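K.L.:
Join the two chains, each given in its own frame, into one complex according to the hints.
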Amino acid sequence: MTSTGTARVTLPTDEQILIVRDFDAPRQLVWEALTTPALVRRWWHARRGEVTVVEIDLRVGGRWRYAMTAASGGFEVAFHGEYREIVPHERIVSTEAYEGAPDAAPALTTTTLEERDGRTTLTILVEHASRAERDAHVESGMEDGLQDALDLLEQVASGSRA
Amino acid sequence: MISHMARAATTTDVFNAVAEPQRRAILGALANGERPVGELARGLALPQPQVSKHLRVLREVGAVSVREAGRQRLYRVNGPALKPIHDWVGHFERLWSDRFDALDDVLEQLKRREGGDGR
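Protein chains in written order, with this note's numbering: chain P, 1 to 162; chain G, 163 to 281.
Check the hints yourself; a few may be wrong.
To give a feel for the contact side, a few chain P residues facing chain G, derived at Cβ under 10 Å [as the list claims (entries may be wrong)]:
| hint | residue |
| --- | --- |
| 1 | Asp24 |
| 2 | Ile56 |
| 3 | Glu139 |
Derived coverage of chain P by chain G (criterion: at least 3 residues anywhere in the stretch with Cβ under 8 Å from a Cβ of chain G; other residues may be distant) [said to hold, decoys possible]:
| hint | segment |
| --- | --- |
| 4 | 27-41 |
| 5 | 104-114 |
Don't read these hints as lab results, they were simulated from the structure. Given the structure is predicted, the values throughout are model-derived calculations rather than measurements. Ideal Cβ placement from N, Cα and C applies to all residues, glycine included.
Okay, chain G solo, but in the shape it has when bound (with noise of 0.2 Å):
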């Protein structure tokens, strides 16, 4: 990603990279098999160019490939890119940490009361 600093925050990063509706909407066309641009600018009633647009932003966070095929390229969705976004638990678990860490500042706290030395 590092070529890429220079760019926008929001096309340089698989999560940001896929808030965008569209390009969710291309990703679930692509989660059917690989696509010509074309086919899915078809599929999803939208023009070429924006289809375009929108599977380079997707190519330079890793989240879709691109193989030659004949005159034609296909895109692909590459599953292994997108496992940061798929790990839920690890979102859940990092909700907990935060919530525990604050019952750290409060336990600290009980404790000096106990101890005399606090309020």
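Excised from the complex, chain P in its bound form (with noise of 0.2 Å):
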């Protein structure tokens, strides 16, 4: 296939979260499959189980909502949000709430499509209202229980250092 690389993510600050990847197609397809509720479903999942809801309305003030159903575990994750800023096939400024985390603040999300020589850069600039929060979220990508393991850990790492 025309798999273009793996996503680069690093913590450009204690809050955000910034995530790039470049794919092999011009920035108007690109937005198309970011933006159409039926294209969402086939790419979502990260091959981690089943996508259940794609919801996009997509215009300032709008709301959008995805979910997914977890292969291992069948328990279903969601997110939610609010879009605040369209530039179409530029530019998507939205809120981002995780459901599985109610009190938690929303990430403010800044998507951007840059083209070139008929390539698109996507770049997702995720910041959130603390470190706690930044943090929890990247920890929503490790597997069901490692997360456990990783808060002891944390606690490990810096006894070992002492």
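P.N.:
Given below as structure tokens:
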């Protein structure tokens, strides 16, 4: 296939997550794949389960909601938010809340598309209100059960440095 | 780890080794400093043979090391061996890589449609 590499994830500040990936496609197609519910259903699962809900009301003030059922454990994870800014084929700014942590402040997510020579760089900048919320978001990428281990090893690692 | 290949997978991999709650409790106790097995067993209210067994598993995956101090053997956490588990950004990055690999497939189909030779 045309896999153009892995996602690059960095943590520019204590509150941010930056995700960058190049695609071998013009940006209007990437935009279409990012904003059409039937298409989002086909990639958002990350090969970890089945997408059960994709709602996109693509206008400023409109809401979005994605949910999936994880193949391991069968539990549902869901996210929702509101669109704050939309520049077709270029930029989407939206809020993003994880429904598993309803007390957390929503993150602000800026998705940017830049095309060069028929290829498109997708950049997703996620800005949380606090480092703790940012860290919880990053940990959501971990398999079930490993999160416990991580919490504990945080202590262990600091203890072993002492 | 090759010398332990014949053993069950749960004891040869640091991820699996620390997935066991009592072993995590032992690592937590050792986070405060090195300890002999008897003190660990008392602190965690576990039978000493059980703690010894867990320590053996943790040593096999390199999560814990031991040194002789007089008549005692002192166990401590081996930080570098735990680094792969600590690499939480890596897990998140794999999630998005898998997501984007699936997006590549969607884009391929859209490109074929644009080219007029697809659906």
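K.L.:
Now, for every hint given, state plainly whether the structure supports it.
P.N.:
Okay, the hints, checked on the actual structure:
1. Asp24: holds, 7 Å
2. Ile56: Since chain G brings no Cβ nearer than about 15 Å to isoleucine 56/P, farther than 10 Å, the hint is violated.
3. Glu139: holds, 6 Å
4. 27-41: holds (count 5)
5. 104-114: violated (count 0)
Hints 2 and 5 from the earlier list are contradicted by this structure; the remaining hints agree with it.
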